[in-house]
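Visitor: Chains as they are written, first to last, in the working numbering: chain F, 1 to 119; chain U, 1 to 119.
Bear in mind the hints are in silico, worked out from the structure with no lab data behind them.
Among the hints, a few may not be true.
If several chains are the same, the list does not tell them apart, and a pair holds so long as it fits within one copy or across any two.
What the hints assert, rightly or not - With a straight-line Cα cutoff of 25 Å, these simulated SDA-like cross-link-like pairs (lysine to any residue) come out:
hint: 1; residue 1: K108; residue 2: R91
hint: 2; residue 1: K35; residue 2: R57
hint: 3; residue 1: K113; residue 2: E88
hint: 4; residue 1: K108; residue 2: R29
Number of protein chains: 2
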Amino acid sequence: MRPATDALSATFFALADPTRRAILHRLSRGAATVKEISAPFEMSGPAVSKHLRVLERAGLIQRGREAQWRPRTLNPAPIRDVAEWAGEFKRFWDASYARLDNYLEVLKKEEKKHGKRNG
Amino acid sequence: MRPATDALSATFFALADPTRRAILHRLSRGAATVKEISAPFEMSGPAVSKHLRVLERAGLIQRGREAQWRPRTLNPAPIRDVAEWAGEFKRFWDASYARLDNYLEVLKKEEKKHGKRNG
């Protein structure tokens with residue numbers, strides 16, 4: 001199985017690592033340089049850079065324009081796509097959706113009972 | 001970089017493929033046998049089985065007990081975890097959260113202006 005290359009798959013792949021998810025949490029508090037991003041991790045510079053590249057390829061982070069510091073910033077759009085994808089399954093765990101499902105079920109039964117009135 | 005083995009990472013990894021996501025959508029409509037799951041894909045049986053194993057390892061699907069058919073069913077719990085993770089970033093794209101942020105900002109300023117009254 002080769003890794004998939006579509007945007008959503010690249011996002012999911014980038015999120016499949018606790019260090020990369022921690023980096024995104026750090027950037028949710030504001031832009032940060034590679035040095036600042038690396039500080040909390042017991043990890044070599046090149047290892048952190050590799051994680052940053054995966055996040056960048058998925059469009060989850062971007063580099064600032066300041067030539068010398070190049071602070072990284074969070075780009076939330078791909079995370080919104082993930083939230084939307086997962087949200088499609090919301091009715092499986094959300095009680096208010098479950099109630100809506102029950103209600104639609106009742107409507108369907110009512111319709112059957114009374115037959116098609118507009119058919 | 002070795003693949004991470006924590007539960008959330010395994011879930012994200014399993015979701016990093018359009019075929020596997022399509023299988024979950026199929027199972028959201030009800031339990032299905034491997035044959036039924038495979039039908040829409042131009043893919044060998046073993047390739048589909050491989051995808052099913054990745055989904056199963058992440059706890060996203062489970063096998064029914066019926067010995068002969070062993071229909072697969074969706075287990076939504078890991079998707080809920082993904083939704084929760086992504087939801088932590090909601091304020092970056094949700095307008096209602098942006099309004100809440102603004103409101104908290106106003107409260108903070110008011111507090112500064114009036115000084116600590118209960119301090």
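Visitor: Enumerate the violated hints, using their earlier numbering and listing them in ascending order.
Guide: 3
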